[in-house]
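**Q** Sequence:
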Amino acid sequence: MSELYKHCVLLFDEMSIEPSFTFNSRSNCIDGFEDHRSRGRSTNVAREALVFMVRGLQHKWKQPVAFYFSHKATPGVILADLIREVLGALLSTA
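Numbering (this note's numbering), first residue to last: 1 to 94.
These aren't lab readings, by the way, just hints derived from the structure by calculation. Mixed in with the good hints there might be a few duds.
Said to hold, decoys possible - Across the chosen pairs, the derived CB separations fall in these ranges:
#1 Arg47 x Ser2: 40 to 50 Å
#2 Ile30 x Ser2: 42 to 52 Å
#3 Ala73 x Ser38: 35 to 45 Å
#4 Ser38 x Met15: 13 to 23 Å
#5 Val45 x Met1: 37 to 47 Å
Claimed, not checked - Straight-line C-alpha distance at most 20 Å; calculated EDC-like pairs for lysine to aspartate or glutamate:
#6 Lys72 x Glu18
#7 Lys72 x Asp13
#8 Lys62 x Glu3
#9 Lys72 x Glu48
#10 Lys62 x Asp13
#11 Lys72 x Asp35
#12 Lys72 x Glu34
#13 Lys72 x Asp31
#14 Lys62 x Glu14
#15 Lys60 x Glu3
#16 Lys72 x Glu3
Nothing here was measured: the structure is a model prediction, and the numbers come from that model. From the three backbone atoms N, C-alpha and C, an ideal C-beta is built for every residue, glycine too.
Sequences are here, hints too, so could you generate the full structure?
**A** The following block contains the structure:
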């Protein structure tokens, strides 16, 4: 893979979602609550989804790389931590 193909930008967006609950048999828990993974889960019902995506600068490609669920808009302090977490994961795969 050429170096130019790897040049990309990290995008993120948060959108409202309809509350919904499902049992996740792989993790043996109920999905549908606020979940910031490394920052933990809460008992608040998720009403927002935060999605991170990378998009190529020189070539036409895009890939979602992470998503998180929040009760309300993600606070800036938590968002900054999540951006660093996602960037770290991306840089470790390069």
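**Q** Each hint needs a verdict: does it hold in this structure or not?
**A** Cross-check of the supplied hints:
The beta-carbon spacing between Arg47 and Ser2, approximately 42 Å, falls within the hinted interval of 40 to 50 Å. The given range of 42 to 52 Å is respected by Ile30 and Ser2, whose C-beta atoms sit roughly 44 Å from each other. Between Ala73 and Ser38, the C-beta spacing of about 19 Å breaks the proposed range 35 to 45 Å. Between Ser38 and Met15 the C-beta distance comes to about 22 Å, which sits within the given range of 13 to 23 Å.
The hinted range of 37 to 47 Å is satisfied by Val45 and Met1, whose Cβ atoms lie roughly 42 Å apart. A hinted pair counts as satisfied when its Cα atoms are at most 20 Å apart, and Lys72 with Glu18 qualifies at roughly 12 Å. As the CA atoms of Lys72 and Asp13 are separated by approximately 13 Å, the hinted pair is consistent with the 20 Å bound. For the given pair, Lys62 sits about 16 Å from Glu3 by alpha-carbon distance, which is consistent with the 20 Å threshold.
Proximity of Lys72 to Glu48 is assessed by CA-CA distance (about 6 Å); at most 20 Å being required, the pair is judged to hold. Of the pairs offered as hints, the one joining Lys62 and Asp13 holds, with about 14 Å between alpha carbons and a cut-off of 20 Å not exceeded. Restraint check for Lys72 and Asp35: satisfied, since their Cα atoms lie roughly 12 Å apart, inside the 20 Å limit. Only pairs whose Cα atoms come within 20 Å are accepted, and Lys72 paired with Glu34 is accepted, the gap being roughly 9 Å.
About 16 Å separates the Cα atoms of Lys72 and Asp31, which keeps this hinted pair within 20 Å; it holds. As the CA atoms of Lys62 and Glu14 are separated by approximately 17 Å, the hinted pair is consistent with the 20 Å bound. The straight-line distance between the Cα atoms of Lys60 and Glu3 is roughly 14 Å, inside the 20 Å bound, and the hint therefore holds. For the hint linking Lys72 to Glu3, the alpha-carbon distance of about 39 Å lies beyond 20 Å, and the restraint is violated.
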